[in-house]
Amino acid sequence: MTDEPFLIGDAMTGGYGSGPDILHGCTISVEKGQIAVIVGPNGAGKSTAMKAVFGMLNLNGGAVRLNGVDITALSPQDRVKHGMGFVPQTSNIFTSMTVEENLEMGAFIRTDDFRETMEQVYSLFPVLHEKRNQAAGELSGGQRQQVAVGRALMTRPKVLMLDEPTAGVSPIVMDELFDRIIEIKRTGIAILMVEQNARQALNIADRGFVLVTGENRFTDTGEALLANEEVRKSFLGG
Amino acid sequence: MEYSNDLLNALVLISNYVLIPAISYGSQLALGAVGVTLVFGILRFANFAHGEMMSFGCMATIFITWWFQSMGISNGVFPTALLALPFAILITALLAVAIDRSIFSFYRIHKSRPVTFVVASVGVMFMLNGLVRILIGTDEIIFRDGQKFLIKAGVFKKMTGLSEGLALKQTQVLTFVLAVIAVLALFWFLQRTRTGKAMRAFSDNEDLALLSGINPERVVLVTWIIAASLATLAGVLYGLDKSFKPMVYFHLLLPIFAAAIVGGIGHPLGAILGGYIVAFSEITATYAFKKFIKYLAPGDFVPDGLAQLLTTEYKFAVSFFILVLVLLVRPTGILRGRVL
Chain L
1 MTDEPFLIGD AMTGGYGSGP DILHGCTISV EKGQIAVIVG PNGAGKSTAM KAVFGMLNLN
61 GGAVRLNGVD ITALSPQDRV KHGMGFVPQT SNIFTSMTVE ENLEMGAFIR TDDFRETMEQ
121 VYSLFPVLHE KRNQAAGELS GGQRQQVAVG RALMTRPKVL MLDEPTAGVS PIVMDELFDR
181 IIEIKRTGIA ILMVEQNARQ ALNIADRGFV LVTGENRFTD TGEALLANEE VRKSFLGG
Chain W
239 MEYSNDLLNA LVLISNYVLI PAISYGSQLA LGAVGVTLVF GILRFANFAH GEMMSFGCMA
299 TIFITWWFQS MGISNGVFPT ALLALPFAIL ITALLAVAID RSIFSFYRIH KSRPVTFVVA
359 SVGVMFMLNG LVRILIGTDE IIFRDGQKFL IKAGVFKKMT GLSEGLALKQ TQVLTFVLAV
419 IAVLALFWFL QRTRTGKAMR AFSDNEDLAL LSGINPERVV LVTWIIAASL ATLAGVLYGL
479 DKSFKPMVYF HLLLPIFAAA IVGGIGHPLG AILGGYIVAF SEITATYAFK KFIKYLAPGD
539 FVPDGLAQLL TTEYKFAVSF FILVLVLLVR PTGILRGRVL
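Note that the protein sequences, when read in sequence, are chains L and W. Quick note on our numbering: the first sequence kicks off at 1 and runs consecutively. Quick note on our numbering: the second sequence kicks off at 239 and runs consecutively.
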């Protein structure tokens with residue numbers, strides 16, 4: 001074992017399909033029990049970088065390693081089996097199915113008894129237990145995000161990846177979600193997320209990656225980035 | 239007394255010619271429409287070959303029935319075809335899976351657009367139609383045996399003293415009972431089993447289903463097996479109730495699609511609702527209400543004409559009308575399915 005981070009997308013270069021490259025030697029990494037946040041202006045390739053780590057686009061250069069093992073060639077489905085959980089930004093729940101069925105589908109690849117994990121998700125998000133027999137599509141935006149995160153947690157992932165989990169929810173719900181994410185981190189899971197609300201996200205981040213046009217511009221602890229004059233001016237609105 | 243007798247006669251008349259036929263025809267359409275809607279929900283295309291799958295399933299049942307009869311196997315008061323049905327379902331399911339593997343899977347790998355799938359299914363429809371006609375011929379075939387009537391019109395008249403008779407065919411009751419059993423089994427499967435839930439998840443959100451580790455090829459396989467089973471059942475019940483004619487199933491495609499779309503495509507419950515709506519509309523619109531009005535109208539009033547909205551030759555116009563109406567007014571269907 002080297003000192004390499006638990007999960008690293010190392011010098012990733014690539015784009016969607018046969019289109020132009022969006023990422024240019026971009027590096028993203030996260031440690032167990034830590035939160036890493038990807039921020040940057042629109043079109044910086046934040047979501048793309050995350051999707052690259054999850055194997056949703058083909059890399060023309062670089063590699064993704066999980067726990068020291070090269071997983072660059074694995075499909076997203078296989079990465080789920082290797083302990084990665086992914087919550088897409090949109091369409092991240094089964095709207096016509098109940099909350100409980102959503103969690104069951106999250107655990108689809110598991111052959112063992114997953115009731116304990118379900119109880120853990122319910123204790124993390126008590127409102128989901130209350131609404132477990134309701135169709136997920138009938139819930140509020142914040143509750144739907146909880147279903148989405150809960151679904152991804154059902155595989156007991158070692159890494160949880162969240163693509164803009166607070167998009168479209170109110171500031172109060174956002175704070176609530178961030179609190180939950182910190183709780184999840186404390187269980188030893190590595191969390192990698194993309195955020196529009198850069199300031200709030202960097203506040204809870206152990207590590208922040210500021211991307212611009214598919215390249216790393218700044219990489220530091222969340223605290224240091226918030227204190228960095230240049231980052232504040234250019235990316236956090238002063 | 240006189241008037242209450244008239245009322246009873248009118249009720250019996252309408253039950254005999256509208257209510258009972260519409261319930262059994264509606265059950266047959268519902269079974270067909272559920273198959274169409276399932277394939278649409280999972281594979282995301284309107285399968286034009288579904289009617290011919292019904293035809294093929296019924297043909298397979300007839301061949302096996304004949305074989306059983308030649309060996310002296312019978313089913314007592316029930317049609318021998320019911321014994322043949324499980325074997326025919328197996329054969330039709332194998333055919334559906336073979337067609338999927340050889341034709342539709344090609345378009346899935348190439349991620350073709352839905353319209354490409356539809357046109358491919360039209361090709362499959364013509365192919366199956368030809369195959370059925372080559373194998374069994376184009377003649378009308380009656381393969382019903384066992385007891386035909388549960389209640390005979392004459393007996394009913396004698397029993398009740400009414401001037402209108404009520405006939406209840408065994409096939410009509412069988413159709414309804416088997417349809418209810420099949421639908422309950424399907425809903426149990428979709429709601430309670432792991433594979434059924436995976437199918438609903440896949441239909442709801444394909445990308446997330448893949449992300450959750452649901453195997454798409456397995457979902458597709460199970461969908462074809464269920465669709466073929468329902469198609470065979472629907473085809474056989476229709477054939478038992480009326481008769482088997484290869485072209486009839488081609489014509490049934492329109493009311494079946496109308497039923498699936500009225501109910502909200504992708505919604506199994508909607509398809510059932512749609513089946514009965516289409517059947518009741520079709521039979522009501524083509525029924526001559528002259529006698530019915532005569533019984534209920536005061537005095538000796540008798541309508542001049544037959545009091546029939548459409549002659550039975552135009553019965554498909556009803557499905558077509560319903561289809562156009564729904565697409566204009568509520569394209570998602572009653573239960574808010576997908577828009578085609």
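Please note: incorrect hints may appear among the correct ones.
Covered stretches of chain L (in silico footprint by chain W; criterion: 3 or more residues with CB under 8 Å from a CB of chain W, positions within the stretch not fixed) [to be verified]:
1. 82-95
2. 105-111
Derived CB-CB ranges, DEER-like [unchecked claim]:
3. Ala-423(W) with Ile-172(L): 42 to 50 Å
4. Ile-172(L) with Arg-574(W): 37 to 45 Å
5. Leu-369(W) with Ser-123(L): 41 to 49 Å
6. Ser-123(L) with Leu-388(W): 55 to 63 Å
7. Leu-507(W) with Arg-186(L): 37 to 45 Å
8. Arg-568(W) with Thr-221(L): 32 to 40 Å
9. Ser-75(L) with Leu-369(W): 32 to 40 Å
In silico negatives: residues of chain W with every beta carbon more than 10 Å from chain L [stated by the list, open to error]:
10. Trp-304
11. Ala-420
12. Phe-427
13. Arg-432
14. Leu-448
15. Leu-449
16. Lys-528
17. Asp-542
18. Phe-558
Hints in this document: simulated from the structure, not taken from any laboratory. Backbone N, C-alpha and C define an ideal beta-carbon position, used for all residues, glycine too.
Structure-based check of all given hints:
For the segment 82-95 of chain L, the stated coverage by chain W holds: 7 residues have a C-beta nearer than 8 Å to a C-beta of that chain, and at least 3 were required. Coverage of the segment 105-111 of chain L by chain W holds [criterion: at least 3 residues with CB-CB distance below 8 Å; count 4]. Checked against the hint of 42 to 50 Å, the C-beta distance between Ala-423(W) and Ile-172(L) comes to roughly 47 Å, which is consistent with it. Separation of Ile-172(L) from Arg-574(W) is about 31 Å and departs from the stated range, judged on CB atoms against 37 to 45 Å.
Taking the beta carbon of each, Leu-369(W) and Ser-123(L) are about 59 Å apart, not inside 41 to 49 Å as hinted. For the pair Ser-123(L) and Leu-388(W), the beta carbons lie near 58 Å from each other, so the given range of 55 to 63 Å is met. The hinted window of 37 to 45 Å between Leu-507(W) and Arg-186(L) holds, with their beta carbons roughly 44 Å apart. The given range of 32 to 40 Å is broken by Arg-568(W) and Thr-221(L), whose C-beta atoms sit roughly 56 Å from each other.
Restraint check, Ser-75(L) to Leu-369(W): a C-beta distance of roughly 39 Å satisfies the suggested window 32 to 40 Å. The beta carbon of Trp-304(W) is kept farther than 10 Å from every beta carbon of chain L, the shortest such distance being approximately 44 Å. Against the 10 Å criterion, Ala-420(W) stays outside the reach of chain L, whose nearest CB is about 22 Å from its own CB. Every Cβ of chain L is farther than 10 Å from the Cβ of Phe-427(W); the closest lies at roughly 14 Å, confirming the non-interface assignment.
The claim that Arg-432(W) lies off the interface is violated: its Cβ sits roughly 8 Å from the closest Cβ of chain L, which falls inside the 10 Å cut-off. At the 10 Å boundary, the C-beta of Leu-448(W) falls inside the reach of chain L, the nearest C-beta of that chain being 6 Å off. At the 10 Å boundary, the C-beta of Leu-449(W) falls inside the reach of chain L, the nearest C-beta of that chain being 6 Å off. Once the 10 Å rule is applied to beta carbons, Lys-528(W) is consistent with being away from chain L; the minimum gap is 47 Å.
Residue-level check passed: Asp-542(W) sits 52 Å from the nearest beta carbon of chain L, beyond 10 Å. Residue placement check: Phe-558(W) keeps its beta carbon more than 10 Å from all beta carbons of chain L (closest about 30 Å).
Hint check: violations occur at hints 4, 5, 8, 13, 14 and 15; the rest are consistent with the structure.
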